[in-house]
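Undergrad: Each chain, written out:
Number of protein chains: 2
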Amino acid sequence: MFQKVLVSDDLECTNEGVLSVLKSLKIKHAEHVQYCDDACLKIKRAQLDLEPFDLFITDLSFVKDHREQKYTSGEALIIALKKEYPKLKIIVYSVDDRLQKVRFLMNGHQTNGYVCKGRQGLVELENAIQAVFNNETYVSPQLRQALSPKNDQEIDDYDILLIKLLSNGLSQEEISAHFKNENRSPSSLSSIEKRLNKLRIQFKANNAIHLVAIVKDLGLI
Amino acid sequence: MFQKVLVSDDLECTNEGVLSVLKSLKIKHAEHVQYCDDACLKIKRAQLDLEPFDLFITDLSFVKDHREQKYTSGEALIIALKKEYPKLKIIVYSVDDRLQKVRFLMNGHQTNGYVCKGRQGLVELENAIQAVFNNETYVSPQLRQALSPKNDQEIDDYDILLIKLLSNGLSQEEISAHFKNENRSPSSLSSIEKRLNKLRIQFKANNAIHLVAIVKDLGLI
DNA sequence: AAAAACCTTACGGGAAACCGTAAGGTTTTT
DNA sequence: AAAAACCTTACGGTTTCCCGTAAGGTTTTT
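So the sequence lines, in the order shown, correspond to chains A and B.
If you read the first sequence in this note's numbering, its first letter stands for residue 21, the second for the next number, and so on.
If you read the second sequence in this note's numbering, its first letter stands for residue 21, the second for the next number, and so on.
Keep in mind that a hint or two might mislead.
One copy or any two copies: either way a pair holds, since identical chains are not told apart in the list.
To be verified - Computed cross-link-like contacts, DSS-like style, restricted to lysine-lysine with a CA-CA straight-line distance of at most 27 Å:
#: 1; residue 1: K109; residue 2: K84
#: 2; residue 1: K218; residue 2: K184
#: 3; residue 1: K84; residue 2: K224
#: 4; residue 1: K236; residue 2: K184
#: 5; residue 1: K214; residue 2: K236
#: 6; residue 1: K236; residue 2: K121
Because the hints were derived from the structure by calculation, they are not lab data.
Computed from a predicted structure; not experimentally measured.
Using the sequences and the accompanying hints, generate a full structural model.
TA: This is the structure:
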């Protein structure tokens, strides 16, 4: 089993829970932090001391407070760490159950596990640790569909950006101008209308307001 | 100090954290559940056995799963409990930091404490338990402003409902019809336009979409 | 290389939202 | 009780959104 594990979550109570799992797995050396930057420092330090961590378990969202941070989300830190230490195993432990997120981190950035906080969260986390130790990946059951290639959702970055600009109060004409400015295509008012129409149908929205509300609720923007 | 405490949170790891606080406060009898309905049953049972709980600590949001529930949120349960057992002390322990929620539960339903999960969450929870035991109320520092009467925001239930209907995809004309139907005043299209205009100015929104996005981000709807 | 399918753009008409003005009603002030 | 302040509603004009059609361009299929 893993020898040295680092846990990072801004909520102390969550850290407690995770540590109790590690204890039950008889992992001797476990540390925990409440800031991404602290996690990063500890991992780098351990690496330099030639006593690297085997496993890093982290939340994704960290509430901002007075302390200025380089990494403000677990996501950003994971991307950076996987670049520098590809061998470090990383498991995400988050309430965030957005399929987009899961796909992005697992497929796009070789994260080793993604466990959804929930009633069964700690049990799943235990399974995840075991699986990752066996060089497998683990994803919470309710999120497995996220990785099946069928479920492509057919909604891309352009769509997301479009809706985000809408939600920022830009009119469709302003969005058109904005896209022309950035040489992003399609940029015509007509195309934007078309795309929004497609999205309205897709999300069963009555109008643009409704669309933004739905997509916000889904956490896509 | 309290003798008998019940903790309710759908996340096991959070329950663990809260129980550790209770232990440090030398509270002997502490139980925990993961469903509102279970909490309700336990409280009623204890009452019948003449060994009632002194304190109930609960989360607000409970993820739905296969189990059919009568109470699907901590909020609903609190309202019901406070009606039946006004003397039962209740502390909310939630990530939800929406001022409206706090005001609603503390002023509207005599909840005894409201602690925001966060880095300092467990420390605050300890303070809250102490305060509530001394027959005081406790609210996390970052939420105190919610209760100061000044900060009335001048935005009332009508405004909230109006924006909520908008976000549900109703046109202003449909909202007008809806209000007329329910004999809610003002209901004319013109008045609705006026009210929305006021809200747009108040929230510095460019248009209705922007307004809904802002208000959703603030957690008011 | 031609055909088909698809994407981007333009345009026009109708609907809804936005904005100012004004009339009539209600509540508060004096 | 009159005056003032405020609220609700109506209406007209402008802008933006919504929706269909059509033309021209690009990519994929055959």
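Undergrad: Does each hint fit the structure? Answer for all of them.
TA: Outcome of the hint check:
1. In this assembly of identical chains, K109 and K84 lie within 27 Å of each other by CA distance solely inside one copy; the values are 26 Å within and 31 Å between copies.
2. Within a single copy, K218 and K184 get their C-alpha atoms as close as 16 Å, and across copies as close as 24 Å, so both meet the 27 Å cut-off.
3. For the identical chains of this complex, K84 and K224 are inter-copy neighbours only, at 23 Å across copies versus 35 Å inside a copy, given an alpha-carbon limit of 27 Å.
4. For the identical chains of this complex, K236 and K184 are neighbours both inside a copy (9 Å) and across copies (13 Å), given an alpha-carbon limit of 27 Å.
5. When the C-alpha separation of K214 and K236 is checked against a cutoff of 27 Å, the pair qualifies both within a copy, at 21 Å, and between copies, at 26 Å.
6. For the homomeric pair K236 and K121, the shortest alpha-carbon distances inside one copy (14 Å) and between copies (20 Å) are both at most 27 Å.
Hint violations for this structure: none, all hints satisfied.
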